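A.B. asks: Both chains are given apart, each in its own frame, so use the hints to dock them into the complex.
Same order as they appear, the protein sequences are chains Y and P. Under the working numbering, the residues of the first sequence are numbered 1 to 259, in order. Under the working numbering, the residues of the second sequence are numbered 1001 to 1398, in order.
These aren't lab readings, by the way, just hints derived from the structure by calculation. Computed from a prediction, not measured in an experiment: that's the story for all the values here. Among the hints, a few may not be true.
As the list claims (entries may be wrong) - In silico EDC-like pairs for lysine to aspartate or glutamate, Cα to Cα no more than 20 Å straight-line:
| id | chain 1 | residue 1 | chain 2 | residue 2 |
| --- | --- | --- | --- | --- |
| 1 | Y | K41 | Y | D235 |
| 2 | Y | K155 | P | E1130 |
| 3 | Y | K155 | Y | E136 |
| 4 | Y | K155 | Y | E165 |
| 5 | Y | K41 | Y | E234 |
| 6 | Y | K155 | P | E1023 |
Claimed, not checked - Computed footprint of chain P on chain Y; a stretch qualifies when at least three of its residues, placed anywhere within it, have a C-beta under 8 Å from a C-beta of chain P:
| id | segment |
| --- | --- |
| 7 | 110-123 |
| 8 | 128-139 |
Just so it is clear, CB atoms sit at the ideal spot from N, CA and C, and this is done for glycine as well.
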Amino acid sequence: MSETSFSDAAAGNGAATEAMVDVRSVRRTFQRGRTPVPVLKDLTLRMEKGEFLALMGPSGSGKSTLLNLIAGLDRPTGGEVIVGGSEIHRLSERKLAGWRARNIGFVFQFSNLLGALSAERNVAVPLLLTSFSARERRRRVDIALEIVGLSDRGKHRPRELSGGEQQRVGIARALVNDPMLLVCDEPTGDLDRATSGEILDLLVALNRDHGKTILMVTHDPVAAERASRTLHLEDGRLADCGHDGTVVVPVHEPAGAAV
Amino acid sequence: MRLGSFLRQCQAVTRYNLETIWERRAVSVVAIFGIAGVVGVMVAVLSMAAGFRSVVTGQARDDVAVVLRSGSTGESDSILNHQDIQVLWEAPGVARGPDGPLVSPELFVIIDRKKIGAGTDANVPLRGVETAGFALREQFEIVEGRNFEPGRNEVIVGDGAAGAFEGLLVGDRIDVGRTSWEVVGRFTAGGGVAESEIWTDTRVLQAMYQRGNSWNVALVRLRDAEAFEGFEAALTDDPRVSLGARRQTAYMAAQSEPIEVFISVVGWIIVVMMSAGAVFAALNTMYAAVSSRSREIATLRALGFSRLPVVVSVMIESLVFGLIGAAAGGAASWFLFDGFRAATINWASFSQVAFAFEVTPELLVQGTTLALVIGTIGGFLPAVGAARRSVVGALREQ
Ligand SMILES: Nc1ncnc2c1ncn2[C@@H]1O[C@H](COP(=O)(O)OP(=O)(O)O)[C@@H](O)[C@H]1O
Ligand SMILES: [Mg+2]
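The following block holds chain P by itself, in its conformation from the complex (with noise of 0.2 Å):
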């Protein structure tokens, strides 16, 4: 068969194919929303991971440096003295502010709040800075009240954590055991996970807590990002401490892969199983489609169509279904989830990650792909069986 006449062929089939889709749709839009809620449910639980992902590294930066106590993996389980601190004021590749080194020791502990909407409780971090603590943060700005004064019982809070918990908002009071805490002003850092914090003073939350002179974290700016070995080197180095120190890009990642991995496992477990189920839709929609046709299909063939052109004809209804049904999926999603606020538990602190689903143009190609594949194999079968068919017993019933 000459190309440009299988080409003809193809089109004139396809086109009339998609010509009755119409007159067809009551079977059609069985596999249609079949992929449409695959690709919905696909791309809404990626948006979560993406989402995720981003509010916990996306203000991560190359060029700041976690040190927690060597060993220690998180900040809960990490303690530092006053004499850690004070090599880090001195270590190599350090950068300076207008009030010295820019090394923000922070103390980190553990409140409990009732989620909005749910009721029950969940743990909230709350964090006491000093100045670098802002200076590390160049995003952190006020936008609500005002900043929290050192040495009174005030706290701000941060934008998610306001929007997640009870009682959060400016002029709230805040009882934790015997203090009180009143609440001053909401803050953003640039989306980052700081949001999904309450932050005090240093000195009143160690007075607290009693904590004497200690702290469980500190962010080290650094000149460059390629300050870090010799900064980390000469901490490794150092007989006075026991200190470990990594990227704050590379330890916030590793913060958020526990959970990523989980929402993606379980989001992936749900899509698969969806799949199929669509996959069944697409092959029953399009066995239906080639057998509600296939007299006609036995006609052109007759008219001496060959068999090939209605394979591919049938693949194209099939994968135009998938396109439809990704379309209205993706856009689904994108209505219902894109910005869609979420809290959920960061597994390194056992605190709450308040964050948005992200739903990008590359989950919009992945889902779009699912949906193509499901296409494929829902057509598949149905095509290859309509051009198998005889003609001549396809003609014959009625």
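So that you can see chain Y by itself, here it is in the shape it has in the complex (with noise of 0.2 Å):
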């Protein structure tokens, strides 16, 4: 099952024991009116560090969902979600966003680029919420476009650039900060077939060369096929599942049972 997505990243993380997301029977209900509607239903998911997940499932099945809750965006109606070591469920709405701000790089479907910036100054946003001097920031804002290879376009505003550039600098800018957690909810999911390949490329890399533990949440069975392991997310709960997209087996013990 998940090892052979391992084999895949080959980045050799196969025995990290520490888990970095530990998601445990969580529930996450909506309210629609009065009715109430159970999005994710005492769902539990281990995922290690240096691991690229992907997490599939069909369109409203609460993938958004799951990811927001342990990009700490959002906070479960019930369980408990850790990541990193920290158990934020229990952090206020104010901690959450200092939380965010240290520990997670988002990269959004449209890459959510804030439209009269450049480049680099869209990058260095979330620089803003620490206490660097103007020289690291410049140090890290280079480092950042140089790994995603736009270190000529910088500054360029968003309108000028491709969608794939665009999406880039999205990821530039998640990768500023040095996040030990990568969020992507459909990163290509606005992108033509060959800019994918390059965006899911250099995930791939940001992986591989720089250990970055991924969630990507995608329903783009090519793009899954890219991580090391992919989980399907259906009714409100987990399956394990191949690169075919069919469900293997399905698990209701924690993913990372491989360890």
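C.D. replies: As structure tokens, then:
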């Protein structure tokens, strides 16, 4: 099952034992008018440090909801969410904001860049929440832009960049604080096949060469195939699945049982 | 949240908002125009009141007493006879000039003249003065032609009156009843209310209006401002006369008050109504500004920015609109109205007073304050709304 995915990553992280993400019996129920709509039902998930995990599932199955819980954007109705050792379901909203700034890198479906700012100023936005010196910020922006291969595009406004380039800037912004976990919600959902491939190459490289732990939501099997492991979300619960998208074994145990 | 981080966040979000103002100019311009309109009207109205006040009270002095028959409220309903004037000559505290006591008995009648532009008739004061009348108005100056000669049917016309009414230029003739007066000069008087009047020789005017040896008012120059109390007490205690004295400053302020209040009340009603409109325009603009940026705000918050800097930055943006509006409105009223000449009725004498709008720095400060209040109200609800919005919800919207 998941071991095959790991071999793809070839980062030698297979021996990692410390869980990056530990989601325990999480429930998330939304209120639609008076009716409670349970989206996640007693969901358990474990993700190791250094993993590149793809989360698949039909539209509306709750992929984004789960990702938001793990990224500390949302809080569960019940259960525990432990990320990098922090019990983030216990944090106040204010504390969560600070926690996100330090620990999470976000890549959105639409790059969500600030239109009035140049690429490099977009990348620098998360650094405004730190106390780094101007010099250190500059250095980090340069590194992040270099990693995504846009060193020469720093002065351009988002609208002067192609969709793929915009998404790269978004990834650079997610990297600039050197977060422990990169969360990507359909990062290729808005891109054509070729550009998607480039973005996925970049994510794979980040995972393999830079040791980044990545959680990626996608409904594209081709994208999921690039990850080291794929989980399938259906009916509020998780199932492991193979790369062809078919469910191999429905699991209710932590998926990280491979450890 | 540490203060440093808070300030950095505020600065970053605010800076971003302001950098994008130009791109959102189409929506922003409505709010700015609304606020500019309010400020412009407010400054214009108050500058009108200020201009009126400064004309009426500007030349008034503390060491000049206005003497009327006791019980009279203005010059028109007051009569002074020869004995009254004699008592004033001898009263304590009266200053003396080369020709004797500085007491100026004056006659005051009203004639009809057509207003320039409007074409309608309006009341113009025609004042009969003697030598002391010029001595009492130190700023009096003939700027065109010459002074009238005593005993002749000649008049001189104040600068304000000459500009506001037809047929009052030097060389024109004024026909009143069977008499014809020649305009022989134009004068200024330091911008005071006298400039709205026509002056002639008292004796000629008395004869023509069959006033015998009577006057309406006497202006009395005192030795100094402190002499007033003694002077007034002496008049009140004198059994031969029934006269009332007021300081010229107090008298003129009382004269200008009703019209000032009228201008201000009408003006403020307009300003308040316009302000309500401007608040809605500002609200609208800020709601649009916030909703057009809801994704960006949500992104910033996802990245770890907190709510308060979002509120602060939206408020600052709204206040900046207020300031731009204030600057535009203030500048417009300055260029359009400062020095703009107008005439209004002086209710006390029912005559016209010509004056110029005065856009003072204080008025501009008041206008700016109002603009900031409008900006605060207009920004607050949208700012709070933006901050309360759930990040996840805002991100879900495409
Ligand atoms: N903030 C919310 N309020 C109400 N319903 C929500 C909210 N977020 C998600 N949902 C509902 O939860 C379900 C799962 O949504 P989502 O996690 O976005 O699905 P996916 O990302 O898999 O397409 C959907 O039915 C959606 O309508
Ligand atoms: Mg989704």
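A.B. asks: Are there hints from earlier that the structure breaks, and if so, what are their numbers?
C.D. replies: Number 2 only.
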